[in-house]
Every structure is written in structure tokens, then in C-alpha cells.
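One line per chain: the protein sequences are C and S, in this order.
Each step along the first sequence adds one to the number in the working numbering, with nothing skipped, and position 191 is 191.
Position in the second sequence counted from 1, then plus 1000, gives you the working numbering.
Keep in mind that the hints were calculated from the coordinates and are not lab data.
These numbers come from a predicted model, not from an experiment.
Any given hint could turn out to be false.
Result set (PhoX-like, lysine-lysine): computed pairs, CA atoms no more than 20 Å apart in a straight line [said to hold, decoys possible]:
1) C:K374 to S:K1114
2) S:K1374 to C:K114
3) C:K6 to C:K392
Protein chains: 2
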Amino acid sequence: MEQLSKGLDVIHKLSAETTWPASVTPMAAGSDGTEGFWPTGFSAGAVSANIKYSNRKDLMLLVTDRPASAAALFTLNRCCAAPVTLSREHLQHSSSSIRAIVCNSGNANAATGKRGMADARAMADAVAQELSIKPEEVLVASTGVIGQLLPMEKVLSGISALGATMQRNSVLDAVGAIMTTDTFPKFFTLGLQLSGGSLRLSGIAKGSGMICPNMATMLSFLATDAAIAPALLHEALEMGNRHSFNAITVDGDTSTNDMVSIFASGTGPEITAGSQDYALFCEALEALMTFLAKLIVIDGEGATKLVGITVIGAADDHDAELAARTIAHSSLVKTAIHGEDANWGRIIAAAGRSGAMFNQEDLELHFNDLPVLKPGLVADFSEEAASEILAKDSYTITLRLGNGPGQATIWSCDLSKEYVEINGSYRS
Amino acid sequence: MEQLSKGLDVIHKLSAETTWPASVTPMAAGSDGTEGFWPTGFSAGAVSANIKYSNRKDLMLLVTDRPASAAALFTLNRCCAAPVTLSREHLQHSSSSIRAIVCNSGNANAATGKRGMADARAMADAVAQELSIKPEEVLVASTGVIGQLLPMEKVLSGISALGATMQRNSVLDAVGAIMTTDTFPKFFTLGLQLSGGSLRLSGIAKGSGMICPNMATMLSFLATDAAIAPALLHEALEMGNRHSFNAITVDGDTSTNDMVSIFASGTGPEITAGSQDYALFCEALEALMTFLAKLIVIDGEGATKLVGITVIGAADDHDAELAARTIAHSSLVKTAIHGEDANWGRIIAAAGRSGAMFNQEDLELHFNDLPVLKPGLVADFSEEAASEILAKDSYTITLRLGNGPGQATIWSCDLSKEYVEINGSYRS
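Could you put the whole structure together from the sequences, leaning on the hints where they help?
See below:
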């Protein structure tokens, strides 16, 4: 309950600070956060299967009452987990027509070899049997410790108990069951007004320490009642991902289990390629994904700050992203952010080693609207004004490299002693 | 004196553990570490110029009594400091015939624009005037805080006081004057027996938090009495650097001021291209540079462990280095090393996102000689045996990717709360 109330506080605060697209209605999460959460056509449930801890929901199922268009993006890590391999295969075999996704926490089923693949397959088979659907209509996701075999007896009896828990409003149980080191649940719903009627976009996410291979790690499940073809849904998901989940970093690590998936039940208005409605849908989806991505950074392991690192004036977007990512990942920048120290030298030094092309004489740096570094390497700013900004929970660092058209933003957090504490001792 | 006694302890211990090449004689540093330190033809001195702190040597000069062959490697950071730009220019204008290098700590003269270049030039000019040599025969190096102008009055009166301090044995003062957050001085001398007689190779280094742009950061000055042409000396320096200073990491940052330089006075035996003596010289130089590089990692900010990350069986050396560097830089691996946690999942997950090609089923992992992961992702090892290794000050992690010929080793350290402490508050 403490986690929920912290989550609702963070969610309401971030929602109030967010500039939402005009066509979108953020749906206040309410005191219990659940009323009418999932779009029509969906239900979810969760149970305690005692996979790693006792008396804690750790197995969840999200189901559509008819075959849904589905799209998913997976980790590019070569050591990808068994459920990632299996879900990729099922999406292909079912022609992206999916009925359910099952997800457990406490064990990532990663680096588990042939036995791990058989276990992931057994999870899909068991769900298929319970729901009388085909195994390839089931996606599987896992998160938790790497390199340990799943306790399959517990998992399978958990799956047979899931059926009784399914409800359309069951979002808190579902989110709770995918949390690992998360300190609060992450979920949000948007209403969207289109020419053909209104629809809903809902999403849940987990992740803390983006991307922590041990906690294996970033998951998000999105749902909409739109009627949209799988290929178009995939395109919208990919575009949205670029500036949301793919633009955040806590520690630069990319997990073995990362997965972002979306399901469209088709009970709402139809969305076709090239339409104005499709553009609005993409805009709303990116807004929802960005919101959930920021919640992950806010909950970054040991994090106390949400900082947007924006690079502009680069030769191209690729160069801008190189510089922004290198700054965002720099341990020295992150510790300075933590120490609320206006250490601009570390920021330009990180840009300098990023591989992005620029002339150091052209650099311009701002903290929010405060000019910190002017062209010619002139650093002439009020330390007090800088300190005031750096003391905030959230602010923006903007670095101009030159006069090119390239730009990129990465959302990052600080590096604290708590991060070392959490990660020095997690496994044991 | 406390720093010196710590330094001598670390240096003696590491020297005893090192497998030195057969033709090399490590010269015990002795209780004062100075007797006959520099090769013939060299002298050094240092003064307190009060650049940042008072009553602490912060300006040093290394001089040869005749024009020396010189070679240097500089940071690739686009935001390189003024002394880096100037020294590169001087090496070119003097055809690599150099008489002196002057170095200050406390201020990096980086990100200082046109005024910074003029200040670096004024330092070289002042040294040239004192020694009655040409300005382009002087190299300049600086280390310390980025983005502040040098107090030139103090620097110039320091330079005019340096002459009286020059001695052949003056190594401790010289090392002391280039230290910043270093907790002990780093220096060593090797004797080398060649067909044409014996020679000496000496080196000093500074760095703690490799590579910390704020402390701007890694410097090493090497000296030999060999008679060797500049081009050959440059080649030997580059080869040696690959497996020494270029193969260490504390936090993955690359400074604005990094410089490794070597001077050959030519009073000793001659070394020519393609000779057996050249091969022995290169071997000894790499051994000395690796020794000094390891001292830097041991003194890494907040570091308690020196860990060699070796990747073998890669498609080629480039792939091996990609994987080794990604593992060595991973905050999650570094915190696990700090926590003495046999968290092998983080190691293979870092390799998996490195871009190196491999099949996860082929991976093999060892801590020292202990097999931790066998092909097929079988992790079957004694936690006790692993804990015993991970509790050591120094050990090796070896990851086999497959059956290719590629291999690489990176020397890394752990990530501790002290690192966050030091870097969250340094500037202020």
C-alpha cells in the first residue's frame, strides 16, 4: 500500500508536469488506480507462485477476449533470455495474432540453455491449455535473477490458479507481479479522441536500474482497443520507442530480457495507414511510452534526479545521439548531478570523447534556461543560479555542438551511493 | 611521507608479483626510491607555485642535457586542453628533438579558449628562456580542474624558481608535483641488457580515476638513455601503449589532458630498426608502461580491486576488445566485483550487448583457474571457491566467446561508494 501511494504521488506529479498532446485525455489514476483501467476486450490477473519470495504476487496474465493485433520489440543483447526467443518465434508463427501474455518476476529464465527454452515453452503451453487457445497465441516474459532455472512446478500450478483472478480492472495486481527492485508501480491510461470515435491506450511497465542485466529488466505491456493491423501497430510501436524506452538510461546496461509489447483488441475505432487518426494514435502512443519511460528513470536504482540531456546543433541526429548518450552514461557526469555540482567541464569532456564531430570553440551549454558556457569556451554564470536549478528533482541540460540540424534527447538519472549499495549486494 | 611509504609498499608488492621479461632488471625503489632514478642525461626538479593549494609541490620540470629524441601520445578527446595542442605543435616544429617538459597540477588549462593557448605558450617560452633553448624544444602538460584560467603570475615565478631545484635523483618531488587525487606516487625504473651495453628505462605517472575529465587526468613521462631515432621511439611507444595505458579503465571516461611521452637522451647504446635490441627494448618499455598503468588502476578513485578482464576465442582482436571493454566498463559488473559477488550473469550480459559476435551456448567463464560457466550455459561451481578468489585484491576474469583467434585484456577496478563520494563533491 505504501508502494501504491508513492506510485500515485509520482504519477500524478509527472502527469501534471507533462505537456500532453491536444487530442489526448490523461485518465487520473484515482485513489485505487484501477477503475476501468484496461481498454475493452482485455482482462488481467495475478497470483503468488512463490517463485523467489513468498506471499507476493509474482505471476501475471494479460488476456484479450478475441485474437488481438500484436507487436513487440525485444532486447538486442546476444545473451537474450529464453522467453525472448520464444515470444519472437510465437509472434512470427501466429502472424502477430496474440491472445495472452504471461509474465513472472523473481527469475529471468536467462542464460539457462536448452532447459530454459523448454521451460518457457511449457509456460506458453500451460496458458494455452487453460484458455483453450493455441500455444503460439501466447507470449512469455520473465524478469529477475539471471542463470537460475525456473521452479516449474510452482510456475505451472500458479498458471492453473490464474484463471480465477482475471478481471478487467486488475491493474495493480498485474503491475505488482512484474516488479523486482521497483519501489513503486508504473501504469497509466490515456483516452484518445479520433474521427471514428474514442479509444483508450493503457500501459504498465517495470524497471529500476535501466538496464540491469541481473534484474533483467525493462518490461512494458501496452494495450489498446483500436482496430489496427499488426504491421501498422509495429511501426507505431517502433517510432514511439525511439524517443521513450530507447531514450532512457540509468546505467547504460542492456538487459537479456527487455521487451515492450502492445496488443490491440479491435473493439474500438479502426486506424488505417496514412490517416490523420494514425498520426494522432502514434502521437498518443509515444506520449504514453515516454511517460512510462520517465517513471522508470525516476525509479532508477538509487536515483534522486530525472535529467533530460538534449544535444542540438549536431551534424545529424546520429551524432547528437552519440553525444547525448555519452554524457548521459558518464559516471562522472552522473556523480556531479548527484552532488548538485555545476561541473560543466565533465559534460563537454564526455561530448569530446563521444565521437560526435564539433569544434570546442562552438559549444554552448544551458542548465534549463541558464546559459552556462558561451562560444569561445566562456564560462560566465552565477553559481547561485546554477545551484538553484541543480537542486531541483528534474531539469534539462542542453548542449549545442554547432549549427547542424541534428538533435536528440536522452533521459537520465544520477549515480548515488545507494546504486552501489543495491548492486554490490543484490544477488546474495 | 605517508603517501611515499604507501607507494613503496604497493610498488614493491606489484613488482614482486610481476613476471618481468628475462632481459630486464627491475630496480628496487629503495627506502627513498630516488638513488640514480633517472637515466644519464636527465635531471628534474619541482617547486610549490601555489596554483591551487599552498605548500605543496605543483610544478615540475624534466630536462635533458642535450637534445633528446621524443615521442608522445595525446588524448583523442575533441575538447583537448591547450597544453595538448601546443605540445603536439612543438613536437612537429622541433622534428621531435626536445629538451624539456614542464607540467603543473591543480589546473588543467582545459576549456580555456584563446587565453588558455596563450598561457600554455607563455609556459614554454619561460622555460626556454631559463634554459636558453628554443620554445619548440619544450613540451607542456597540465592536470587539475577544467575550465579555469591558470594563475600565470604564480606559474611564471614558479618556472623561474625551478632551475635551482634540478637534480638527477629528483624523482619524488617530480612525481609529487603531478599528483592530484592520487593517493600515492607512481614511478619505476628498469635496467635492460642489450648487445651494445646496458640502458635504463624510467617512468613516472599520475592518474586516479582513469579517466576523470575533471582531474584531467592521466599523465606519464618516460625517459631512457637509449640512442634511438624519434620515429622508432614513437613506434615503440605506440605498441607499448596498446596493452598498457590504453588497456586500463577506472570509469571509462577519457580526459582532455591525457599525455604519455618518452624522451631518449642518446647517452646509452644505439637501437636500430629491426634489430634484436629493438625487440628487447619494446618488450621492456611495454613492461614498464604496463606496470605504471596497473599502479593507476590500483589507485583508481575508491578502488579496492585490480581485475584483469581477458576475452579469448573471439572472431578477431577487435571483437575481443569490444567485449572486454564493455565488461570492464559495466557499472553492474564493477559493483558486483566490489561486493565480491560471483554474479556471472552480469558479465555475460555485458558481453552480449557489446556488439561482439558469439553464440551464448559457446561461452566459457573462469575466475582465475576456476571454471564458472561451461558451454551450454551450465553454471556449476562452488560458491565458496568463487568467493575465495573474489575476496582477493587482484584476480583475472577470463571469458571465452568461441573458437576464434581474437583476444584482449583490459585492467579494471571496482565501483565503490567512495567513487561516488569523491566525484560527487570534487569541484567544490
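Here is what the structure says about each hint:
no.	hint	in the structure
1	C:K374 to S:K1114	14 Å, holds
2	S:K1374 to C:K114	13 Å, holds
3	C:K6 to C:K392	19 Å, holds
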